[in-house]
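4 protein chains.
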Amino acid sequence: MIIHVTHDAKESEIQTLVSNIENAGFRAHRSDGERRTIIGLIGDTSRVDENDFKKYSIVKSVFRIQSPYKKANRRFHEDDSVIDIDGVKVGGSHFMVCAGPCSVENEDDTVELAKALKDAGANTLRGGAFKPRTSPYSFQGLGIEGLRILNTAKEETGLPIVSELMGTEHIDEFVEMVDVIQVGARNMSNFDLLKALGQTDKPVLLKRGMSATIQEWLMSAEYIMAGGNDNVIFCERGIRTFETATRNTLDLQAVPVIQKESHLPIVIDPSHAAGTRYVIPSMAKAATVSGANGLQIEVHQDPENAWSDGQQCLTPAEFKDLMQHINILAEMEGKTITNETIVQK
Amino acid sequence: MIIHVTHDAKESEIQTLVSNIENAGFRAHRSDGERRTIIGLIGDTSRVDENDFKKYSIVKSVFRIQSPYKKANRRFHEDDSVIDIDGVKVGGSHFMVCAGPCSVENEDDTVELAKALKDAGANTLRGGAFKPRTSPYSFQGLGIEGLRILNTAKEETGLPIVSELMGTEHIDEFVEMVDVIQVGARNMSNFDLLKALGQTDKPVLLKRGMSATIQEWLMSAEYIMAGGNDNVIFCERGIRTFETATRNTLDLQAVPVIQKESHLPIVIDPSHAAGTRYVIPSMAKAATVSGANGLQIEVHQDPENAWSDGQQCLTPAEFKDLMQHINILAEMEGKTITNETIVQK
Amino acid sequence: MIIHVTHDAKESEIQTLVSNIENAGFRAHRSDGERRTIIGLIGDTSRVDENDFKKYSIVKSVFRIQSPYKKANRRFHEDDSVIDIDGVKVGGSHFMVCAGPCSVENEDDTVELAKALKDAGANTLRGGAFKPRTSPYSFQGLGIEGLRILNTAKEETGLPIVSELMGTEHIDEFVEMVDVIQVGARNMSNFDLLKALGQTDKPVLLKRGMSATIQEWLMSAEYIMAGGNDNVIFCERGIRTFETATRNTLDLQAVPVIQKESHLPIVIDPSHAAGTRYVIPSMAKAATVSGANGLQIEVHQDPENAWSDGQQCLTPAEFKDLMQHINILAEMEGKTITNETIVQK
Amino acid sequence: MIIHVTHDAKESEIQTLVSNIENAGFRAHRSDGERRTIIGLIGDTSRVDENDFKKYSIVKSVFRIQSPYKKANRRFHEDDSVIDIDGVKVGGSHFMVCAGPCSVENEDDTVELAKALKDAGANTLRGGAFKPRTSPYSFQGLGIEGLRILNTAKEETGLPIVSELMGTEHIDEFVEMVDVIQVGARNMSNFDLLKALGQTDKPVLLKRGMSATIQEWLMSAEYIMAGGNDNVIFCERGIRTFETATRNTLDLQAVPVIQKESHLPIVIDPSHAAGTRYVIPSMAKAATVSGANGLQIEVHQDPENAWSDGQQCLTPAEFKDLMQHINILAEMEGKTITNETIVQK
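Chains as they are written, first to last, in UniProt numbering: chain A, 1 to 345; chain B, 1 to 345; chain C, 1 to 345; chain D, 1 to 345.
Certain hints may be false.
Note that the list lumps identical chains together, so a pair holds whenever it fits in one copy or between two copies.
[To be verified] Below, a list of computed lysine to aspartate or glutamate pairs in the EDC-like style, where the Cα atoms sit at most 16 Å apart: (1) Lys260 with Asp8; (2) Lys115 with Glu318; (3) Lys115 with Glu156; (4) Lys195 with Glu169; (5) Lys54 with Glu304; (6) Lys54 with Asp302; (7) Lys60 with Glu304; (8) Lys60 with Glu261; (9) Lys202 with Asp179; (10) Lys320 with Asp119; (11) Lys70 with Glu261; (12) Lys260 with Glu78.
Rather than coming from a laboratory, the hints here were simulated on the basis of the structure.
Just need the whole structure built from these sequences, with the hints factored in.
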């Protein structure tokens, strides 16, 4: 960490700052120029907040050299993390294809859809049981009954289940009933929830907040890992910008950036980014050759009658067509779509 | 709500859409032009989601005419809401001045500061007990002990207490121990928390999410009000943009916009928007003449030794100077800073 | 265009509005509900500005149904436009690979680099002669001498030339000396320049402004086409968002959106979006499978000694490696990288 | 400038970098830690581009200590600049009130309006003669005839004229016919135009680009000043964000930031930021107490029949009402609205 002291700071103020740096356990490397003083902190600054020094009135700016995340940092864990989702792997050369409806609606449709998705090449099943909706008057999901239906679909297909948890209240049921707990974009900085998930060993699919920087996203992963749970999967689903032609702007550059900074896998959700059907296939293909570790795609048998987000659902036939491209592109990227352990019933 | 049908839609598809609109309880007003068909929905569409129609493949776009919020909507509640915070009023002509430290650190300093703030003209006391911090390694707040200290300060000064609740776990303690429950920017769309707050009758200070549109913010208020709690106070604290000279961009235009759309009060937090001390006084003054219903400002006796966010804290002396301007400007705006019921000890 | 009249409008005010609509040559389709009046404009509204109606105090909102662009609109030109760049085609199934240095520095290096790029598979040569630089103290380009050097490189390789024009002053030299005139992101809304380019028949590579919506970008193309020049190629190079890990956020979703709305080709510049070398190859590949009509990539023999933007230049060897992937992916997408007419010397 | 070298850099690579720094005329202060090397550049780095070092593959990041602007920098010019606009002053304690129509439409209305504005307290007259319009099919302004009309209004009222120049073509007429040349938001980075304005001594009102950082804005001023013209006035008119309730987000925090970084005056244009009438008065008041050096406000006798941007024009009566507040608030801020030299006819 490097501290830039204002040119009119008094010597006594600088010395107070230096003392405080040393009392905090660092060495202070001071460099006085003609017009400014620079102080370098020597030691492990990964856990230091820049604001702890910006608060001094003589400090003009603070530059961070060492990243504020350790457990999520590739520098301290060179190899790609591979996460095991009840037998399906994601990370490194293992590619996750997670598909399913926005909301679980009923058992028959869910089971039928899960079979079609598996046949098309999906290796995990997503389905919303608790739904974060902008309006309190919209359908809020089937709740625990939704999780039960997803489990029936898993029994029939072997597909592990991914579902979103919105708060700490139902965490025990989720640990018991799902294979991956999804944290939605709106909850990426719900630190109470992240801490609670850190106390489990369940894989967590951590969606990027709509206005979260990549560094903040890494810090949210760090929250989960700091609690002892290393099974974090990043999921980019579009960020909020001024552009309104699509719901959000898909930041595919996050793939090479995350893979440089972290050992954790990153998957792409083109459905929520686009918010409209026709944009999804090209972005799913683009994500695959960008080096992403997987995809999450919304599929519904009858999008025009879906209970939520039908405008961004592919049909099973469209998904199957898309998967023919994804299979080829993933293989060209050296990726395997593992589903060997999935029980055929 | 107005639905724009694509020019190549088949008649049978349009009729299916019209039937579904009618089955949902609306009248469909269809207008066929040479090159396009427009369908107007007649009835109360406030609770209808645009996406419920965007999901049809023949629908090109959907325009909302009626706002999706009812209880927060000024149209159905013309007069300004005035909210009572244990005797201190906010809304209409009543101006809230909420000040205090970012984090509560200890009893002596908190009580001393509360006295100074009251003398300077504050009528409510803020203080963080549970702190949302970007890093899991940063100080996370004193927890319930912080609330206890705030109550001691209230006993000494009569100042009602504002403190942030981060999840549903501690809601009962907050209802008992604070006068206004603050929902932080990161939790503005934590719908589980909003629903839980809707079940209480405690005033809620609802901070705007960093990337929340004003309409989404109104919908978060609607969540709380839909549960039966009408005591919602908006708090603008800066939105995330590309500009990095300040931490966030303070959107003061939100004041006239919110006051046009809603009857609920709106207060401004210049401290978090700026993220740096020198920007705060001018923005506090600007907020006051913009018509805002109050201010929330961070103050600390010794910002350079604050445990969090010292870089954006005023000293008590700076706050007192600022209040001399705020008192005059608020009065010019026809506002009263009520603190008559505050017990002098 | 649909006009939403405020609920408290007087009948006489509505009638004035209706008269004005009719005087402007449209039919007004009025629909009175219980609580609001909606007026539809019937006729060709493509050239009408929404603000022409927003200015009425009784108008609450205006919704656009018909797009404000005609010549750039796919609806009136169903087939993909294919643009001829001195023998190299772009658009439809023709894929453009444009590579070269940020700034032209000298003749020998430029010729040598052009040969290497051609061997690697590029079919057009980019090179900056007039450089838009943030600082007035930075190198501003070789000017006309730069164009002369590019022409020498073209003589040696046959590669058509792409170079940026910053204002109307040098337009005649550009028409004479380059094959594609590039309009930079900062000039996307420099309407004087767009109008002047509309008077030529030279292909124009129109970069997206850093904060331009896709609709504004289409309108800038419309400016050029309104003057009579249909040879417009869109180039996405990243938009400005809050994310700082990359210089800009590459909006690949613009590819399917532009291709749905317009018949004009769109190419992707991953170099400027990333602003850093390691992100470029994965995004170039992603762009290719997203359906884009080409790429623009910065290459320099010795990036560490480039006079500008070396941090985002590939070496010729890295570019050659990348092209092996691009060739395969483009072919899978049904695209041809035409360079048959390029003279071998 | 501080350079952070990657941990795996070879000693020979670091030495090459150090040599290049020294060859560029700086001293290199090298500091080797256990896990990283930091190099400080000593010397005047204000004209150095960070990218000149980011281009080295061993460089992980570059931090700028010294600002890249000198002439615009308050550090080298402590006192506020006061700019003389044909007798009307702006800057320091002098407050500019610039009002007028979006577009000049005809002589009679313009003269009549100018008289009303002067009576209400304006001290400069704005009027568009060349209009940057999103659509090529919209009214593009009266051109030079518009400037002639503005001059007639000046003869009648003495109010100096502010009008927008869109390119270098008409610069001579503007120097002759207007008192302040306005550079619009879309042209803030039109460097050819900025350079040409640097060759004049005419005051320039430099609007902030819709997505320009404050630092980029300062650099655009530096372009004009580097040419020898020190008469630059900043004008904030809203930045582009995700919020759509207003046209742009007014960044009032830019006032204290610019005033800290620069000696040049800054005025606020609430009309373009809001894009809607009702938001303007509260923001004009807020701007005044924020410490801004002036206002630019659109006024039209009959906004519903304005040829452009009527939705954001105040009427003369509304402007007069507003000025009663502005006069008081400006005086409270220690500002004078100079118009003593304006000829009364």
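Worksheet item: Which hints from the list above does the structure break, by number from lowest to highest?
Response: As far as the earlier hints go, not one is violated by this structure.
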